[in-house]
Amino acid sequence: QKEVEQDPGPLSVPEGAIVSLNCTYSNSAFQYFMWYRQYSRKGPELLMYTYSSGNKEDGRFTAQVDKSSKYISLFIRDSQPSDSATYLCATQEGAGSYQLTFGKGTKLSVIP
Amino acid sequence: DAGITQSPRYKITETGRQVTLMCHQTWSHSYMFWYRQDLGHGLRLIYYSAAADITDKGEVPDGYVVSRSKTENFPLTLESATRSQTSVYFCASSDPGQSSGFYGYTFGSGTRLTVV
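Chains as they are written, first to last, in our numbering: chain C, 1 to 112; chain P, 1001 to 1116.
Think of the hints as simulated: they come from the structure by calculation, not from any bench. Be careful, since some hints might not be right.
Here are the simulated DSSO-like cross-link-like pairs (lysine-lysine), alpha carbons at most 27 Å apart as the crow flies [unchecked claim]: (1) C:Lys56 / C:Lys42; (2) P:Lys1011 / C:Lys67; (3) P:Lys1011 / P:Lys1070; (4) P:Lys1070 / C:Lys70; (5) P:Lys1057 / P:Lys1011; (6) C:Lys107 / C:Lys67; (7) C:Lys107 / C:Lys56; (8) P:Lys1057 / P:Lys1070; (9) P:Lys1011 / C:Lys70; (10) C:Lys107 / C:Lys42; (11) C:Lys70 / C:Lys107; (12) C:Lys107 / P:Lys1011.
Just so it is clear, the structure is predicted and the values come from calculations on it, not from any experiment.
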């Protein structure tokens, strides 16, 4: 079993919908949890990260981590066509652990 | 320009040829990484480097060679290209946040390599 599992989708939603993207992980040592966004033919870019459990909000985006169930979520409110991209979750063990573990990514399309 | 740049953006090469993909970053980040991205496999780590002259294997190193003589450059060489090495290759760099220890990677735009 891969350490970070992510449903590849694709996921298609109408503009304005709330989007929920999810990952599960198996290594309880993970402490940092990230979401990267990758547009077509571009490199991934860091969207946001959280440390340990809890929520973090940035505009229309909310990242949520539940360490007890080893579940990572990204919510997008009022989704826009410009949100159409592949979203990758990633984890890091702890401060000083430089290697990230990536999910395979979920492809999202927001239809106008 | 500040950032991380990869070259070439696109490359077609023949089986058996040697090809080098270039990666240059302007931040003096200590860590640099090479990934390949394939449908169904996601990002897979090929090699990484913690500093100049320090490199180590990742998940899928076979058939690849790296070097890092300068902090800012991290070239990836395919010694004898095979069709299975057709992929999109991403270089990334990272440094821990000064207070948090968080290693957020910054990726280049990628090199799309086709081996025919």
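Status of each hint after checking the structure:
1. For the hint pairing lysine 56 (chain C) with lysine 42 (chain C), the CA-to-CA distance comes to about 25 Å; that is within 27 Å, so the pair holds.
2. A distance of roughly 42 Å separates the Cα atoms of lysine 1011 (chain P) and lysine 67 (chain C); the hinted pair therefore is violated under the 27 Å criterion.
3. In summary, the hint linking lysine 1011 (chain P) to lysine 1070 (chain P) is supported, as the alpha carbons are separated by about 24 Å, within the 27 Å threshold.
4. Restraint check for lysine 1070 (chain P) and lysine 70 (chain C): the C-alpha separation of about 39 Å exceeds 27 Å, so the hint is violated.
5. For the given pair, lysine 1057 (chain P) sits about 24 Å from lysine 1011 (chain P) by alpha-carbon distance, which is consistent with the 27 Å threshold.
6. Using a Cα cut-off of 27 Å, the hinted pair lysine 107 (chain C) and lysine 67 (chain C) holds, with the two alpha carbons roughly 24 Å apart.
7. Distance check on the hinted pair: lysine 107 (chain C) and lysine 56 (chain C) sit about 22 Å apart at the alpha-carbon level, within 27 Å; holds.
8. At roughly 18 Å between alpha-carbon atoms, lysine 1057 (chain P) and lysine 1070 (chain P) fall within 27 Å of each other, so this suggested pair holds.
9. A hinted pair counts as satisfied when its Cα atoms are at most 27 Å apart, and lysine 1011 (chain P) with lysine 70 (chain C) does not qualify at roughly 40 Å.
10. For the given pair, lysine 107 (chain C) sits about 14 Å from lysine 42 (chain C) by alpha-carbon distance, which is consistent with the 27 Å threshold.
11. A threshold of 27 Å between alpha carbons decides the hint, and for lysine 70 (chain C) with lysine 107 (chain C) the separation of about 22 Å falls inside it, so the pair holds.
12. For the hint pairing lysine 107 (chain C) with lysine 1011 (chain P), the CA-to-CA distance comes to about 25 Å; that is within 27 Å, so the pair holds.
Violated hints, listed in ascending order, are 2, 4 and 9; each of the other numbered hints is respected by the structure.
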